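S.K.: If you want the building blocks of each chain, they are given just below.
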Amino acid sequence: EDKVVQSPLSLVVHEGDTVTLNCSYEVTNFRSLLWYKQEKKAPTFLFMLTSSGIEKKSGRLSSILDKKELFSILNITATQTGDSAIYLCAVGSGTYKYIFGTGTRLKVLA
Amino acid sequence: DTAVSQTPKYLVTQMGNDKSIKCEQNLGHDTMYWYKQDSKKFLKIMFSYNNKELIINETVPNRFSPKSPDKAHLNLHINSLELGDSAVYFCASSPYASSGRVGAGANVLTFGAGSRLTVL
Numbered sequence: 001e002d003k004v005v006q007s008p009l010s011l012v013v014h015e016g017d018t019v020t021l022n023c024s025y026e027v028t029n030f031r032s033l034l035w036y037k038q039e040k041k042a043p044t045f046l047f048m049l050t051s052s053g054i055e056k057k058s059g060r061l062s063s064i065l066d067k068k069e070l071f072s073i074l075n076i077t078a079t080q081t082g083d084s085a086i087y088l089c090a091v092g093s094g095t096y097k098y099i100f101g102t103g104t105r106l107k108v109l110a
Numbered sequence: 001d002t003a004v005s006q007t008p009k010y011l012v013t014q015m016g017n018d019k020s021i022k023c024e025q026n027l028g029h030d031t032m033y034w035y036k037q038d039s040k041k042f043l044k045i046m047f048s049y050n051n052k053e054l055i056i057n058e059t060v061p062n063r064f065s066p067k068s069p070d071k072a073h074l075n076l077h078i079n080s081l082e083l084g085d086s087a088v089y090f091c092a093s094s095p096y097a098s099s100g101r102v103g104a105g106a107n108v109l110t111f112g113a114g115s116r117l118t119v120l
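Sequences listed follow chains A and B, in order.
The opening residue of the first sequence carries number 1 in my numbering; numbering runs sequentially from there.
The opening residue of the second sequence carries number 1 in my numbering; numbering runs sequentially from there.
Chain B extracted, bound-state conformation (with noise of 0.2 Å):
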C-alpha cells in the first residue's frame, strides 16, 4: 500500500513537449507539494495545496501548472520543457489541518518515490 504514488517514474522526452506527472497520497493528508531535486540533490520546493487551494507558489515559470481535483490528487503539468527542466520530482503530503491546527505529528512530510524527467 503505497502512501504517496507518482506516476510516471522516468519520463524522457523532447524539448518542447508538454508533459504531465500525477501524484496521489491515501494517508488522509489536507496539504499536498511538489519539490524539485537538481543534479546536486538540492530539493526545491515549486508548490503547495491545502484542500485543494493553492497555497504556496515559488517563483517557478508559469510553463509549469499544478492542479489539485482533490485533497487526493496534485498533479503538475508542464508546457514547452526545455533542458533546464531536467530533474527528479518528488511529490509530497503533509497531514495540516484546513483550520491551521498544528499537532506533532502535523510537521512530516512524507514523499512519492520521485518521477525522474529528462529533456533531450
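Looking at chain A on its own, in the form it has when it is part of the complex (with noise of 0.2 Å):
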C-alpha cells in the first residue's frame, strides 16, 4: 500500500531557528514528491520535485529529494512567525494519484 510519512508530527522553534523538515514515500509508480503550505485555508504550493539530487529554492526554502532512499527534505533557514503553519508532502504515484502524508505542524515563537 501506498505510503507517506512526515516527520517530525510538530515543531515548535524560535524565530531565527533554522529547522529541517522530513518526507519518506513508499509509492508504486514514483512521479513526483509535491511540498505544500497550509496556514488557514487551502494548502499553497512550494516545491516540485521529480530528479534527485536537485535543489530547489526560494529564499528562505529549500527542498531536495532522493529517489534511491525514498525521502526528501525541506529546509527553511531564519524562521518567521510568517513561517508558522502545516507543512504538506504529497508524493504522485500513477497518472493521476497523489497521497499525502500526515503533515509537519510548525509553530515559531517571536
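Mixed in with the good hints, there may be bad ones.
[As the list claims (entries may be wrong)] Okay, the calculated beta carbon distance ranges per label pair:
no., chain 1, residue 1, chain 2, residue 2, range
1, A, His14, B, Met15, 30 to 38 Å
2, A, Gly16, B, Val12, 20 to 28 Å
3, B, Asn17, A, Pro8, 19 to 27 Å
4, A, Thr20, B, His77, 39 to 47 Å
5, A, Phe45, B, Ser65, 25 to 33 Å
6, B, Gly16, A, Glu1, 26 to 34 Å
7, B, Thr2, A, Gly82, 20 to 28 Å
8, B, Ser65, A, Gly59, 37 to 45 Å
9, A, Asn75, B, Gly16, 21 to 29 Å
10, A, Gly16, B, Lys40, 28 to 36 Å
No lab work stands behind these hints, which were simulated from the structure alone.
Just so we're clear, the structure is a prediction, and the values are computed from it rather than from any experiment.
Just so you know, even glycine gets a beta-carbon here, dropped at the ideal spot from N, CA and C.
These two chains come separately, so use the hints to put the complex back together.
M.R.: Here's what the structure looks like:
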C-alpha cells in the first residue's frame, strides 16, 4: 500500500532558527514529490521535485529529493513567525494519484 | 479571479440530511479531485475525474456520489450524513491531458479554499 510519512509531527522553534522537515515514501510508480504550506485555508504549493539531488530554492526555503533512499527534506532557514503553518508532503503515484503525508505542524515563536 | 472555487465555505447540518458541495475551476485543467481533511489535518483522496471520467474512487462509502457535468466542474453529493462526515472537503485540480501526457507543470495540484462540513 502506498505510504507517505512525515516527521516530526510537530515542531516549536524560535525566530531565526533553522528547521528541517522530513518526508519518506513508499509508492508504486513514483512520479513526483510536492511540498505544500497550509495556513488557515487551502494548501499552497511550494516545490515540485522529480529528480534526485537537485535542490529547489525559494528565498529561505529549499528542498531536495533522494529517490534511492525514498525521502525528501524541506529546509527553512532564519525562520519567521509567518512560517508557522502545517507543511504537507504529497507524492504523485501513477498517472493521477497524489498521496499526502500527515503533515508537520510548525510553530515559530517571536 | 479565483482559480478553484468551492461553495459553500461552511455547512452545518443535522445527521441524516443530504447535502452537496460544488467546485469549479477556471484553469483549463483536465483533472479534478475531492480530498477530505480530518481534524488531525490528514488529507485523504476520495475521488478523481479526468475529463468527466471517474478515474480514482477510493474506499469511500457509497453515500458519497461525485458528479462531473464537464471538466471544469466537480460536485460532491452526500446522502444520509453521519457525525463522522464532519471535516473540511477540498476540491483540487491538475492539468493532466486525457492523452496521459505529463509535463513538468502537470504534476501540481491547485486547491480550492475548502468547505467545512459540520454534522450535528
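S.K.: Confirm or reject each hint.
M.R.: A quick look at each hint next to the structure:
In this structure the supplied range 30 to 38 Å is violated for A/His14 paired with B/Met15, their Cβ-Cβ distance being about 45 Å. Between A/Gly16 and B/Val12 the Cβ separation comes to about 42 Å, which falls outside the hinted range of 20 to 28 Å. Distance hint check for B/Asn17 and A/Pro8: the Cβ-Cβ separation is about 39 Å, which falls outside the suggested range of 19 to 27 Å. At roughly 43 Å, the beta-carbon separation of A/Thr20 and B/His77 lies within the given 39 to 47 Å, and the hint holds.
Separation of A/Phe45 from B/Ser65 is about 29 Å and conforms to the stated range, judged on CB atoms against 25 to 33 Å. For the hinted restraint 26 to 34 Å between B/Gly16 and A/Glu1, the CB-CB distance of approximately 33 Å keeps it satisfied. Between B/Thr2 and A/Gly82 the CB atoms are about 23 Å apart, so this pair conforms to the stated range of 20 to 28 Å. At roughly 43 Å, the beta carbons of B/Ser65 and A/Gly59 sit within the given window of 37 to 45 Å.
For the pair A/Asn75 and B/Gly16, the beta carbons lie near 48 Å from each other, so the given range of 21 to 29 Å is not met. A hinted range of 28 to 36 Å holds for the C-beta pair A/Gly16 and B/Lys40, which are about 29 Å apart.
Comparing the model with each earlier hint shows violations of hints 1, 2, 3, 9; every other hint is respected.
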